[in-house]
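A.B. asks: Going line by line, the protein sequences match chains A and B. Taken in order, the first sequence gives residues 1 to 372; the numbers are from the UniProt record's numbering. Taken in order, the second sequence gives residues 1 to 497; the numbers are from the UniProt record's numbering.
Check before you lean on any hint, since a few could be wrong.
Listed below are the simulated DSBU-like cross-link pairs for lysine-lysine, each with C-alpha atoms no more than 30 Å apart in a straight line [what the hints assert, rightly or not]:
#, chain 1, residue 1, chain 2, residue 2
1, B, K90, A, K281
2, B, K310, A, K264
3, B, K310, B, K455
4, A, K281, B, K310
5, B, K119, B, K90
6, A, K264, B, K119
7, A, K302, B, K455
8, A, K296, B, K90
9, A, K140, A, K264
The set of hints was computed from the structure by calculation and includes no laboratory data.
In case you want the letters, here they are:
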Amino acid sequence: MVLRLSNRACVLSGSARLKSTLSTYFDEMGKAGIILKSASTGIFENLALEDWIPDRVDLQNRSMLLLWRNSPVVVIGRHQNPWQECNLPLMRRLGIPLARRRSGGGTVFHDFGNINMTFFTSKKKYDRHRNLKVVTSALKALRPDLDVAATDRFDILLNGHYKISGTAAKLGRTSAYHHCTLLCSVDRSILSSVLKSNTSEVIKSNATPSVPSPVKNLLDVDPTLDSNTIMDAIASQYSNEFGFDSPVITVDPTHEGLMPGIHKMAQDLQTWEWIYGRTPKFSVCSSIVVDDVTIKLDMDIKNGAVGQCAMEIPENWLPSEMVNEFTSTLNGSNYCPNETAVLMAAFMRTVSMTADVAEKIHRLCAGVVSVM
Amino acid sequence: MATVITVRAPFAFLRRLVSACLHRHCCSTVQTACFVSRPHSYSLIAGQQHRFFRTSYVAARPILQFKLSDIGEGIMEVTVKEWYVKEGDKVSQFDSICEVQSDKASVTITSRYDGIIRKLYHDVDSIALVGKPLVDIETEAGQVEGPQEDVVETPAMSQEEHTHQEIKGHKTQATPAVRRLAMENNIKLSEVIGTGKDSRILKEDILNFLARQTGAILLPAPFQEIRPPPPAAVAPSAPAAKPKEKRSPPSIPTPVIPKPVFTGKDHTEPIKGFQKAMVKTMSAALKIPHFGYKDEVDLSQLVRLRSELKGLAESRGVKLSYMPFFIKAASLGLLHFPIFNSSLDENCTNITYKAAHNIGLAMDTSQGLLVPNVKNVQMLSVFEIAVELNRLQTLGAAGQLGTADLTGGTFTLSNIGSIGGTYAKPVILPPEVAIGALGKIQVLPRFNHKGEVVKAHIVNVSWSADHRIIDGATMCRFSNLWRSYLENPASMVLDLK
Chain A
1 MVLRLSNRAC VLSGSARLKS TLSTYFDEMG KAGIILKSAS TGIFENLALE DWIPDRVDLQ
61 NRSMLLLWRN SPVVVIGRHQ NPWQECNLPL MRRLGIPLAR RRSGGGTVFH DFGNINMTFF
121 TSKKKYDRHR NLKVVTSALK ALRPDLDVAA TDRFDILLNG HYKISGTAAK LGRTSAYHHC
181 TLLCSVDRSI LSSVLKSNTS EVIKSNATPS VPSPVKNLLD VDPTLDSNTI MDAIASQYSN
241 EFGFDSPVIT VDPTHEGLMP GIHKMAQDLQ TWEWIYGRTP KFSVCSSIVV DDVTIKLDMD
301 IKNGAVGQCA MEIPENWLPS EMVNEFTSTL NGSNYCPNET AVLMAAFMRT VSMTADVAEK
361 IHRLCAGVVS VM
Chain B
1 MATVITVRAP FAFLRRLVSA CLHRHCCSTV QTACFVSRPH SYSLIAGQQH RFFRTSYVAA
61 RPILQFKLSD IGEGIMEVTV KEWYVKEGDK VSQFDSICEV QSDKASVTIT SRYDGIIRKL
121 YHDVDSIALV GKPLVDIETE AGQVEGPQED VVETPAMSQE EHTHQEIKGH KTQATPAVRR
181 LAMENNIKLS EVIGTGKDSR ILKEDILNFL ARQTGAILLP APFQEIRPPP PAAVAPSAPA
241 AKPKEKRSPP SIPTPVIPKP VFTGKDHTEP IKGFQKAMVK TMSAALKIPH FGYKDEVDLS
301 QLVRLRSELK GLAESRGVKL SYMPFFIKAA SLGLLHFPIF NSSLDENCTN ITYKAAHNIG
361 LAMDTSQGLL VPNVKNVQML SVFEIAVELN RLQTLGAAGQ LGTADLTGGT FTLSNIGSIG
421 GTYAKPVILP PEVAIGALGK IQVLPRFNHK GEVVKAHIVN VSWSADHRII DGATMCRFSN
481 LWRSYLENPA SMVLDLK
């Protein structure tokens, strides 16, 4: 049974039940297991939905599965360093946004060829192996010859070698969720180029590193396996495995009326402070070459902001007071190319300098920004 | 000085209380005598006992060790990734304390008690073991130690990040600690006004409610904005009101208008990033003696021209606004009046006439004011300027403008009218010497050359210029030339390079 929630929502408001939310709707349904499909392909709306459900829905006597897909985006884990994990300049050029999720784990690339599954349970019923069994059993039910198996690191491997799914989890006080990806028909060339950092050698940090693995799409081994078929198989296997009689409901995570507070959750996930500022402290140690001059750059970054910036520049190339002013301009600013560019523009407007000094500062700035 | 106390309490509680005493006081000789062997037979030096319990803040609060509870899946150790509290912070039950990570799972650890954090046992990135202490919390005397198992609550409390130590409770209007307090005092939660987030009832609200009933004097609760004081109680600043009420005639008591007590706090934060850039630039601009010159431009013909060309530009994939025309007209004007495209050196000894017309565009972005510039406008056609504007606007909206686009400007225009306004007093951006701000285009009645009232599209321009090198007459002539190009766009064609 597939119910379109938006229609039901009209019915709810029509009968003037003002306090009805998705949560009360679930309570009224009285089902022990519910399967949701997100109507949105926006990463921030979907991550907000993952935040909203454990916060507002009773998960002690009920479990839920959420199936969702996103337009191209790179998602890093809670405690990771984006500068270490992905190629930010390339992503900016390609228009691929960056998101930080609230669960741990490594960095992944999503596009429409990737299926995300989130298993919501109470903390007592948290069992990642059982969840992954749902996925592998569903795939085997579709194609019995498929060699898919879960590892003890909670990955799913195809043919014993290629990673087709990665896992992450978030545990709260009373409930937990476990989510994983599934590569069906992802653009692998983009995946490998965006997930390769351009600055990892210059960064020293304790952030959780990703473990790169060779990947493959399910579509590569069987061209008849498409995302919708796979999602349906997983939904029915979920019901089988846990003994639920689960309806599949499509949910629109932008519907603030049904999910009060979800809009703010999505906004919180999009702030610079969350996406970049939450990076554990790290240091950058790089050599930039400008006009055949090698400049050593050292920066300590805390909460995404430049704490200490030091540059070693030969005195005859630029006067040291100019260099000191340059570094003090950077201190306290966010480790962000846009903000640095704006600060540099203000610096160049307000500090008097000759044209050739201005040129050098310009190129120096370009070098500094290249590691951001 | 003796600090022995009499307690009639469970032994375990007593032991903690005593060890808290040992922690807090430095009377060494008495300590050894004080230590647990005869739990119920201590006696206090008379007179000190009551004072001790009521006024002594320090000694009576037990410090409870909060141990890392079982996370599930047989996990024995985790890495502490982030602390949400520091020593000395006040926490409530269910506030987030820290974030730990184990095996791709991120776990939010929440507090089991109300109290003050006294010690953090681990640094960030160190390993914490299940069953070992995580933090020490100093609690209220008499607080019962929370359950070892997490209490199963419906609906679930938030696991969101608690950056400001507040919980987003929703259906739960109050934490269990608050509910207990209400129950002990026979208060119905529905009668209490909640002042926490989403009308959540806080402990302070229960205390206020109680005070209202007993008429006691209360201190205003923290984290509140304006709170009208309870009608029967009095504000701390006016303790005399109560006796006054008694004195007034019982038949018609004079109404006491409660003064709203404002408890909001000032918030200071350092200036950095985009704000710092603007502070620096505008402070430097102060050194320039500005003068203003304002005029009115009739854009009726330009409006007609643009509506004709809009479709053509769109077919080429470009959005055409009025700005490309304003910019091109300015560049044509600069050819005749190069002083507006110059720069004065620091000692005001030399003027440099810049060859390139890099015309800046004041842009309002989500991060604030940014001024990218279009390079070499003197070589660009109106269409090419429009293309460049589109590119800069897209980059600006995406937060991706680079130093190349943000530096090197020689003259600036601000289209503040796209948001609103008519006249402005723009500030010159050093090292430039002039700037123009355009108000909104309004349709107003004007007289034509025949003396008839016609509809005219009017925009107001406000120029500011550096009076050290530019005088009013020059400004007026430049503005008139610029205006003539826009009021009669056909004349632009004659002078277009």
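A.B. asks: Compare the structure with each hint and give your call.
C.D. replies: Tested hints:
1. K90(B) to K281(A): holds, 25 Å
2. K310(B) to K264(A): violated, 39 Å
3. K310(B) to K455(B): holds, 22 Å
4. K281(A) to K310(B): Outside the cut-off at roughly 51 Å; violated.
5. K119(B) to K90(B): holds, 12 Å
6. K264(A) to K119(B): violated, 33 Å
7. K302(A) to K455(B): violated, 59 Å
8. K296(A) to K90(B): Given pair K296(A), K90(B) is violated - Cα atoms ~44 Å apart, limit 30 Å.
9. K140(A) to K264(A): The hint is violated at about 40 Å.
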